Amino acid sequence: MTTTELDVEQIDIYNPDNYIDGVPHAQFQTLRQQSPVHWHDHPDGGGFWVVSRHADVMAVSRDHQTFSAQEGFVLIDDLPEEVLPMVQGQLLGMDPPNHGPIRRAVISRFTSKMLAELEPKVREITRGILQAAHNKKDCNFVYDVAGELPTAVIGSMLDVPENMWHQMREWSDMQTSASDPDIGGTPEQVTQASIEMGTYGFELACQRKDQPGEDLISLLINVEVDGRKIDEAEFAGLFVQLAVAGNETTRALISTGMYQLIKHPELYQQLEADPSKLKPAIEEMLRWSCPLHHFRRTATTNCEIGGQQIAKGDKVVMLYSSANFDEQVFDRPEQFDIGRDSNPHMAFGHGIHLCLGANLARMETRIFFEEFFTHFKGIELTGEAKRIRSNLVNGFKEMPVRLIPR
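The sequence shown begins at 1 in UniProt numbering and counts up by one.
Treat the hints loosely; a few may be bogus.
[To be verified] Taking lysine to aspartate or glutamate pairs in the EDC-like style, the calculated list, with each CA pair at most 20 Å apart, reads:
{"hint": "1", "residue 1": "279", "residue 2": "384"}
{"hint": "2", "residue 1": "136", "residue 2": "398"}
{"hint": "3", "residue 1": "397", "residue 2": "144"}
{"hint": "4", "residue 1": "397", "residue 2": "21"}
{"hint": "5", "residue 1": "229", "residue 2": "215"}
{"hint": "6", "residue 1": "397", "residue 2": "215"}
{"hint": "7", "residue 1": "279", "residue 2": "331"}
{"hint": "8", "residue 1": "377", "residue 2": "170"}
{"hint": "9", "residue 1": "263", "residue 2": "170"}
In case anyone wonders, no lab produced these hints; they're calculated from the structure.
All values derive from a computational prediction rather than experimental measurement.
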């Protein structure tokens, strides 16, 4: 469908069915060109502003005083009263001044030095996963291969018992992919998953408070920043964010990246022959994968975006998947270009809420492809890849492949 065939008033970015066959880029392009700050009705009443251009998404991301993450949280839908306070304890749902000290505590554990020290462990985990994949040549690449790495890495960093890793991933998927009948559940089940995951994080924090340890939980719960420590309740929300982001982002990045390489075998061959080209290639994979389509902010005052007046209390939805394909920023955005020189994508967000694990995800993905090319001489689709039914999570749930070992 071309943009000339679309009526901007008929565009629906909320309905998760519109994401099953792929990211609705034609709709996003129409919004950028015809209504870059667009009022969108919500099926349950009311509505929200959709911000689709790169410059406007960046502007909203930077202005945390005008556009709050904490007021109402970051999802389009309002959350149940019993869940909202807990998710507001996640960094992504905090505003300053609460946000700063906790973020500094976490970011101090994701330094370049720490990542360099972690790299051998990530490589060891990756090799084990790929060696095991030799015995399951026909598999669902998303969960059987790509999803194993981030789960094992974040589980190891948090020193969560290995027999709980699968449960962490189930809790994570239940919350982020609730609209997909194959992954999510009823609203009550989703709420229960969120409560159970936060409670488990609280219990781990209580166990490791004032105890020696080099795992991420011990380091975070016992560190003092700006004269205060993270308490157990604060860590519960932080645990949910770390576990969810640690699973979802890298799994989507690796899966989408591999899918694009399968569809462009000449690019696969280029990277296989010269893995040093992976750095710009991973940035392009990020631009395409963009693990989350959007996040919401709430206007704290009457304001203006791109010439459009916004009222205090209005929901403002930053459409990252559109911003990453903005023709005003990206040359030939519809082309998957692993050598793209300028790539200011917002796959990890922007501003004070830039994803904490961005460089960890990049490292995991680089190591994964380096080791994959060593362990396997090929990969091919054996069926249709199926996407998650979600207007929030951007990724595949099924990618049937055949792995060809060396």
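Hints, verified against the model:
Proximity of residue 279 to residue 384 is assessed by CA-CA distance (about 28 Å); at most 20 Å being required, the pair is judged violated. A threshold of 20 Å between alpha carbons decides the hint, and for residue 136 with residue 398 the separation of about 15 Å falls inside it, so the pair holds. For the suggested pair residue 397 and residue 144, the alpha carbons sit about 11 Å apart, so the restraint of at most 20 Å is met. At roughly 12 Å between alpha-carbon atoms, residue 397 and residue 21 fall within 20 Å of each other, so this suggested pair holds.
Under the criterion of a C-alpha separation no larger than 20 Å, the hint pairing residue 229 with residue 215 is consistent with the structure, at around 16 Å. The straight-line distance between the Cα atoms of residue 397 and residue 215 is roughly 30 Å, outside the 20 Å bound, and the hint therefore fails. Restraint check: the Cα-Cα separation between residue 279 and residue 331 comes to about 19 Å, which is no more than 20 Å; the hinted pair holds. Between residue 377 and residue 170 the alpha-carbon distance is near 32 Å, which puts this suggested pair outside the 20 Å criterion.
Proximity of residue 263 to residue 170 is assessed by CA-CA distance (about 29 Å); at most 20 Å being required, the pair is judged violated.
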